[in-house]
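**Q** Kindly generate the complete structure, drawing on both the sequences and the hints.
Protein chains: 4
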Amino acid sequence: MKTSFTANNPAFEQRVRESFALQNAMKTIGATLTRVMPGEVSISMPFNEELTQQHGYIHAGIISTVLDSACGYAAFSLMAENAAVLTIEFKINLLSPAKGERFEALGRVKKAGRNITVSEGEFYAYEGENKKLVASMVATMMAVYDREATEN
Amino acid sequence: MKTSFTANNPAFEQRVRESFALQNAMKTIGATLTRVMPGEVSISMPFNEELTQQHGYIHAGIISTVLDSACGYAAFSLMAENAAVLTIEFKINLLSPAKGERFEALGRVKKAGRNITVSEGEFYAYEGENKKLVASMVATMMAVYDREATEN
Amino acid sequence: MKTSFTANNPAFEQRVRESFALQNAMKTIGATLTRVMPGEVSISMPFNEELTQQHGYIHAGIISTVLDSACGYAAFSLMAENAAVLTIEFKINLLSPAKGERFEALGRVKKAGRNITVSEGEFYAYEGENKKLVASMVATMMAVYDREATEN
Amino acid sequence: MKTSFTANNPAFEQRVRESFALQNAMKTIGATLTRVMPGEVSISMPFNEELTQQHGYIHAGIISTVLDSACGYAAFSLMAENAAVLTIEFKINLLSPAKGERFEALGRVKKAGRNITVSEGEFYAYEGENKKLVASMVATMMAVYDREATEN
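Protein chains in written order, with the working numbering: chain X, 186 to 337; chain R, 186 to 337; chain A, 186 to 337; chain V, 186 to 337.
Quick caveat, the hints were computed from the structure, so don't treat them as lab data. Fair warning: this is a prediction, and the values are worked out from it, not measured in the lab. Take these hints with a grain of salt, some might be off.
Since the list can't tell identical chains apart, any single copy or any two copies may satisfy a pair.
As the list claims (entries may be wrong) - When the alpha-carbon atoms are kept at most 27 Å apart in a straight line, the in silico DSSO-like pairs for lysine-lysine are as follows: (1) LYS296 <-> LYS284; (2) LYS284 <-> LYS316; (3) LYS284 <-> LYS317; (4) LYS212 <-> LYS296; (5) LYS284 <-> LYS212; (6) LYS295 <-> LYS316; (7) LYS296 <-> LYS317; (8) LYS317 <-> LYS295.
**A** Encoded structure:
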């Protein structure tokens with residue numbers, strides 16, 4: 186499968202994977218980076234009852250966590266070598282209860298810019314043969330260059 | 186401190202606390218429910234390096250998780266006895282890096298309705314004497330009545 | 186072209202067109218309803234210098250007005266005969282300046298429900314042979330039944 | 186009344202008023218700039234039946250148009266002399282029908298930064314002695330410096 190974007194940095198996949206490995210939150214959630222393409226990233230996670238809300242489904246915020254990472258790394262995959270990525274804001278719509286055996290978050294760049302990149306994400310639940318759309322996200326990411334990177 | 190709302194259900198605090206206790210995600214995050222008022226809820230959490238993103242700050246999605254619960258329970262505190270609360274959607278703006286010793290999420294109802302309630306949330310970082318606004322949320326909650334509650 | 190939705194009401198197109206005709210704001214903007222399918226609606230408008238912001242492009246709020254109508258009528262096209270549609274909330278991302286000879290807003294249902302429907306919208310600018318994505322929207326719509334319809 | 190912000194540019198009010206005067210959309214809507222403070226702007230408009238939706242209330246997109254200008258100019262009032270302001274994205278929640286004799290949009294900066302400023306807005310309806318909250322907005326604004334200003 187191909188995306189319509191071209192990565193500026195040939196080492197984009199390695200950069201994304203190295204940064205993802207630094208996200209302790211992903212380890213705690215049990216999320217793994219399954220696919221990295223220019224402008225598109227997938228992250229998988231199993232059901233985990235330690236991450237549920239009051240009705241036994243995955244908490245909307247945990248869904249957001251995985252989608253935010255998917256959207257952020259989709260954006261980061263297109264950024265220059267000296268850029269870091271920061272989430273400015275995101276919005277999520279919860280469409281169905283997050284019940285299933287495992288889940289997948291897909292993040293895709295909608296519009297890439299030098300400073301601002303907008304990504305979209307979808308979160309799916311898998312149960313046996315069934316796949317269901319659980320949530321959708323729109324996220325605005327900012328590239329931050331050189332040393333100002335992590336201080337916003 | 187008082188809020189401008191009146192709870193329909195005199196047992197609102199107990200209901201909120203019982204439901205919060207069912208959110209395993211809050212235990213995993215180490216979040217505790219510190220205050221429950223009609224239309225207003227506070228949740229605290231310590232810094233925890235297992236919940237960080239790639240720069241060592243609390244992951245935006247974890248911030249969202251706590252804010253979503255604060256906004257949801259602020260809405261739930263005003264709902265009738267036979268209602269459950271579901272998050273329809275939320276939006277978060279990340280304003281400063283989430284660094285600090287501990288954090289507090291404050292959720293407040295902006296407009297309560299029989300079906301739809303809109304809440305606002307703020308997430309603060311505390312470090313020594315300093316308090317800093319890290320993120321703000323707007324969340325749309327839906328009351329679901331009787332048995333249809335958890336199936337959306 | 187076909188959509189993946191089936192309209193509950195065989196008169197869906199007529200209902201959408203009649204309601205659209207009541208939106209005086211659409212007349213003022215010069216917007217016309219170009220296509221009505223189950224779960225999908227297109228609205229066109231010409232460039233009009235009376236609707237610009239300070240740099241001479243169409244104002245982001247005017248873009249929102251047309252996209253909100255497109256998203257709302259996409260949702261309405263799937264609703265039952267005794268339902269009215271209300272916008273609960275929407276979010277728009279502005280991706281490029283709204284310059285062009287004419288514009289088209291496309292609204293599509295993402296998830297339809299009895300009470301809540303989520304639609305997505307895209308706003309395109311046309312200039313000669315060129316088509317450019319100007320903005321994207323996510324909107325949450327509510328079906329309101331019978332006489333409670335217009336009072337929220 | 187005072188705000189907690191200090192304008193970087195002593196001519197902030199004049200700059201805001203001159204830019205507002207260039208927004209033809211504001212003239213078409215009949216909106217006037219009533220107050221300009223550092224980080225806070227108010228805009229008023231009368232009821233106008235040419236701006237309504239299908240139930241006879243002001244269209245949600247027209248509300249967005251006025252709120253976007255209020256939020257944008259609140260941000261612009263704090264920006265440097267060589268900066269222009271662009272809306273990156275906004276989200277609006279519609280809380281009550283926009284019926285009334287006149288309306289006021291209030292935009293306030295929540296967090297100002299060199300590149301990104303987040304503003305909040307509220308839209309009120311006035312009818313006789315009554316004032317009612319109709320909608321609330323969160324908007325993300327970007328400062329663009331020097332000649333790159335209007336091309337995103």
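**Q** Go through the numbered hints given earlier and state which of them the structure violates, listing their numbers in rising order.
**A** 4
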